[in-house]
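2 protein chains.
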Amino acid sequence: MKNNALIMIAVALAVATSLMPVALSFEDAKEDNIFQVSVIRATVEGLYDGVMTFEDLKDHGDFGIGTFERLEGELVVLDGEFYQLMSDGTARIAKDSMETPLATVTFFDADKNLSLEEEMNFSELESYLDGHISTENIFYAIRIDGTFDYIKTRSVPAQEKPYPPLAEAVKEQTTLEFNNMSGTIVGFRYPDFAQGLGLPGYHMHFITFDRSSGGHLLDCVVRNASVSIDEISEFEMALPKDQDFQRADLSDDKKEELKKAESDTDLRSNSSSSS
Amino acid sequence: MKNNALIMIAVALAVATSLMPVALSFEDAKEDNIFQVSVIRATVEGLYDGVMTFEDLKDHGDFGIGTFERLEGELVVLDGEFYQLMSDGTARIAKDSMETPLATVTFFDADKNLSLEEEMNFSELESYLDGHISTENIFYAIRIDGTFDYIKTRSVPAQEKPYPPLAEAVKEQTTLEFNNMSGTIVGFRYPDFAQGLGLPGYHMHFITFDRSSGGHLLDCVVRNASVSIDEISEFEMALPKDQDFQRADLSDDKKEELKKAESDTDLRSNSSSSS
Chain A
1 MKNNALIMIA VALAVATSLM PVALSFEDAK EDNIFQVSVI RATVEGLYDG
51 VMTFEDLKDH GDFGIGTFER LEGELVVLDG EFYQLMSDGT ARIAKDSMET
101 PLATVTFFDA DKNLSLEEEM NFSELESYLD GHISTENIFY AIRIDGTFDY
151 IKTRSVPAQE KPYPPLAEAV KEQTTLEFNN MSGTIVGFRY PDFAQGLGLP
201 GYHMHFITFD RSSGGHLLDC VVRNASVSID EISEFEMALP KDQDFQRADL
251 SDDKKEELKK AESDTDLRSN SSSSS
Chain B
1 MKNNALIMIA VALAVATSLM PVALSFEDAK EDNIFQVSVI RATVEGLYDG
51 VMTFEDLKDH GDFGIGTFER LEGELVVLDG EFYQLMSDGT ARIAKDSMET
101 PLATVTFFDA DKNLSLEEEM NFSELESYLD GHISTENIFY AIRIDGTFDY
151 IKTRSVPAQE KPYPPLAEAV KEQTTLEFNN MSGTIVGFRY PDFAQGLGLP
201 GYHMHFITFD RSSGGHLLDC VVRNASVSID EISEFEMALP KDQDFQRADL
251 SDDKKEELKK AESDTDLRSN SSSSS
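Chain order of the listed sequences is A and B.
Each residue of the first sequence is one higher than the one before, counting from 1 in the numbering used here.
Each residue of the second sequence is one higher than the one before, counting from 1 in the numbering used here.
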């Protein structure tokens, strides 16, 4: 009788679990989307309190970028690992219990793989990517593994309350420069109509091959790299529910302030003087 | 033994189904979001081909607004029914097989119910709503059932290819005016940072109490109405995959063009002259 009962349990479990594919297929369908916590417009305003744990964020992607509570470092999510790139140049694994104020993740699934062999600077790399996307009107996740003749990144130290706006906070940023460094660029391209949600155009972070250092990408010269592009037409966003977010005045788009905070000011003044 | 086996099956089923709440809670969580097909910026550009069937759209909401293939009328989704408000002033049920180029839906679940008793014009109504939301930084679905001293709506006739941009298409709009009419306003409020995705601020459609007529709301005077507000922090968007969308130049935000196409020009010129 004991055996019979076990067989019955097995059958019953099989029947019951056969009821579950609805949920699974829903999960599957969700995998080719971008999931974003908060909006970059809130970060520009100085909202650096965490609003979602990395434990929860992991349910939404294995690849991405973002920042940390108090703006303490830059986030790189790569192959399911969550790295915190500190302003002292070191990288560490982010704890599940830590919270992010702003992050964008996806389950990376390349639609296009390219082999990049010529030497390119940062703006040439962006033009190269622009030449290999089918439209500017959807989202893309971009992964570039390779050797970089030059890489310049930045990271920001933890801020204290009352938090300064991003334009002030990045004045304390530390920049790192690498020569002849292997590593991975992790980033996204947003369409122009999504400005306010994320950085328009490319937003990329970098982590070294040994996953020991990196930051928000400011400049680079790339040579010999493999480029993978994930085309993404579905976008999902969870807005914070805390009072700071509710009370923030986000009506002005502060486009220029954002652009300045997230790009290399030296590089921008160089490029404008050379044009 | 048969009894024992049945008990075992019952126990096993109970165990197995206890594994399912993860999926169910995920579904539950999805219900308090906004789901949007395409972006209004694409409609401004004249992209009126359908990109999702109403059958599929029904999975994402029972309440909402939008438009139809060829811009043929205004969409009102109310209590799970999908209405097409034609430019001749009549309403009909939209077929499941029909497709929408642009729609926003949610499963309506009121967080706040208000009783509106004073007489208010359109801009007073918007200010009243602004006074009853906790923050301008999330999304809201808004339902207003009541008696309207005055209602002005518009609807647009079907367009022919090559489609003109929205600013041209609305020149053919038919406006309807109602006095002392009972009915329902169905709409959303988007935060400013979501401009480009949808109309910033309020975007509302109207349908008469007998569900026989209505359109995109241009003006109103309301008296005795019940107002229900659904606060929504999660936003989901599916972008079109067709070539017209891929090829469209959506880089300029065309804010003024959109505002003009979606509001009452007479009303706007009146209000600007009175200010």
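In case anyone wonders, no lab produced these hints; they're calculated from the structure.
Incorrect hints may have been included.
It does not matter which identical chain is used: a pair holds within one copy or between any two.
[Stated by the list, open to error] With a straight-line Cα cutoff of 20 Å, these simulated SDA-like cross-link-like pairs (lysine to any residue) come out: (1) Lys241 with Asp32; (2) Lys112 with Pro162; (3) Lys58 with Gly80; (4) Lys255 with Arg92; (5) Lys241 with Asp192; (6) Lys112 with Gln243; (7) Lys254 with Pro200; (8) Lys95 with Leu250; (9) Lys161 with Ser115; (10) Lys112 with Glu69; (11) Lys254 with Gly201; (12) Lys255 with Asp192; (13) Lys259 with Asp192; (14) Lys241 with Ala110.
Verification of the hints:
1. Lys241 with Asp32: between (26 Å within a copy, 13 Å between copies)
2. Lys112 with Pro162: Close neither inside one copy (44 Å) nor across copies (32 Å); limit 20 Å.
3. Lys58 with Gly80: Result: close within a single copy only, 8 Å intra versus 34 Å inter.
4. Lys255 with Arg92: Result: close neither inside a copy nor across copies, 32 Å intra and 44 Å inter.
5. Lys241 with Asp192: Classified as between; 17 Å across copies, 26 Å inside a copy.
6. Lys112 with Gln243: The answer is between: 18 Å across copies meets 20 Å, while 42 Å in one copy does not.
7. Lys254 with Pro200: Answer is both; intra-copy 12 Å and inter-copy 16 Å each pass.
8. Lys95 with Leu250: Answer is neither: 30 Å inside a copy and 40 Å across each miss the 20 Å cutoff.
9. Lys161 with Ser115: neither (46 Å within a copy, 41 Å between copies)
10. Lys112 with Glu69: So lysine 112 and glutamate 69 fail the 20 Å test inside a copy (34 Å) and across (32 Å) alike.
11. Lys254 with Gly201: So lysine 254 and glycine 201 pass the 20 Å test inside a copy (16 Å) and across (18 Å) alike.
12. Lys255 with Asp192: So lysine 255 and aspartate 192 pass the 20 Å test inside a copy (12 Å) and across (13 Å) alike.
13. Lys259 with Asp192: So lysine 259 and aspartate 192 pass the 20 Å test inside a copy (13 Å) and across (18 Å) alike.
14. Lys241 with Ala110: Between. Shortest inter-copy distance 17 Å satisfies the 20 Å Cα cut-off; intra-copy 33 Å does not.
In summary, the structure is inconsistent with hints 2, 4, 8, 9 and 10 from the numbered list given earlier, while agreeing with the others.
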